[in-house]
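For this one, chain D is given, so just place chain W on it according to the hints.
2 protein chains.
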Amino acid sequence: MPTRNASATWEGGLKGGKGSFSGESGAVGASYSFGTRFEHAPGTNPEELLAAAEAACYSMALSADLEKAGTPAERVQTDAACTLDFIDGKPTITTMRLRVRAKVPGIDAATLDKAAQDTKVGCPVSRALTGVDIQVEATLE
Amino acid sequence: MPTRNASATWEGGLKGGKGSFSGESGAVGASYSFGTRFEHAPGTNPEELLAAAEAACYSMALSADLEKAGTPAERVQTDAACTLDFIDGKPTITTMRLRVRAKVPGIDAATLDKAAQDTKVGCPVSRALTGVDIQVEATLE
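Protein sequence lines, in the order shown, are assigned to chains D and W.
To convert, note that position 35 of the first sequence is 35 in our numbering; the numbers rise steadily by one, no gaps.
To convert, note that position 4 of the second sequence is 4 in our numbering; the numbers rise steadily by one, no gaps.
Chain D with its partners taken away, still in its complex shape (with noise of 0.2 Å):
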């Protein structure tokens, strides 16, 4: 199984430098800074990288479980909102939440969510994000 690289470099101190990051593959790379992870400065930031990865990790997660279980989604988007607040003194990523529209021919809203909780629960990203609370709303399209 595949092994994924990125690498990120930090210049100065914490409030007056600067970092950037790349992954290997070139789709990803963009530059960072207290503000835009800590204040409202327009860029990125690890909080959304890790929305993105969930995001990704889930719509695809429960895609094949949908389809494992016999009636397949048409689609399935994932809205993912992480955020981060200062426990004991300390940044800590606290809580992702997701929203979830899916268009799964043939089923009801009770079996979305009971497949929409246990993709939560199982799928890579959400196995790898223990520290974090994850808490999932499904809604069928």
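Be aware that a few hints might be false.
Intra- or inter-copy, both count: the list cannot distinguish identical chains.
[What the hints assert, rightly or not] Dumping the calculated DSSO-like pairs for lysine-lysine here, alpha-carbon to alpha-carbon at most 27 Å:
1) K120 / K103
2) K90 / K15
3) K114 / K103
4) K90 / K114
5) K90 / K68
6) K68 / K103
7) K90 / K18
8) K120 / K68
9) K114 / K68
10) K90 / K103
11) K18 / K103
Because the hints were derived from the structure by calculation, they are not lab data.
Leaving out everything else, chain W in the frame of chain D:
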């Protein structure tokens, strides 16, 4: 403190389907597929995003920790390698290996190593990825 948003859509089944993701900042977004995730097709995947998130957070956090200790780094570069493996038949993100090179005037290798191991445990993304075995090897430049 901020909440960061990203979205992803998967259309179709696991093997024949296709996905795309994007972050709200506009700095991160790409397509992905079964091939780019589990095989060797060119492109990105959630594991590369996790590697980028960990590398970005770690480089920033080690710089902050060294600054707080009175020995600020000029530069911290982190290469992150995120491995996906099959465990009990399930795709599982098993390890995140970090290779760190740091330019830090006035400290020795043992002091850097101690700081690097502390940051491994303490940085926000490490404390989120508690389902993954994170390993750090740090070198003074």
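Taking the hints in turn, this is what the structure says about them:
1. K120 / K103: Classified as within; 18 Å inside a copy, 41 Å across copies.
2. K90 / K15: Classified as within; 16 Å inside a copy, 41 Å across copies.
3. K114 / K103: within (15 Å within a copy, 50 Å between copies)
4. K90 / K114: For K90 and K114, only the inter-copy Cα distance (19 Å) is at most 27 Å; the intra-copy one is 35 Å.
5. K90 / K68: between (42 Å within a copy, 14 Å between copies)
6. K68 / K103: Intra 16 Å, inter 50 Å, cutoff 27 Å: intra-copy only.
7. K90 / K18: within (21 Å within a copy, 38 Å between copies)
8. K120 / K68: within (16 Å within a copy, 38 Å between copies)
9. K114 / K68: within (14 Å within a copy, 47 Å between copies)
10. K90 / K103: For K90 and K103, the Cα distance is within 27 Å only across copies (25 Å; inside one copy 40 Å).
11. K18 / K103: between (42 Å within a copy, 15 Å between copies)
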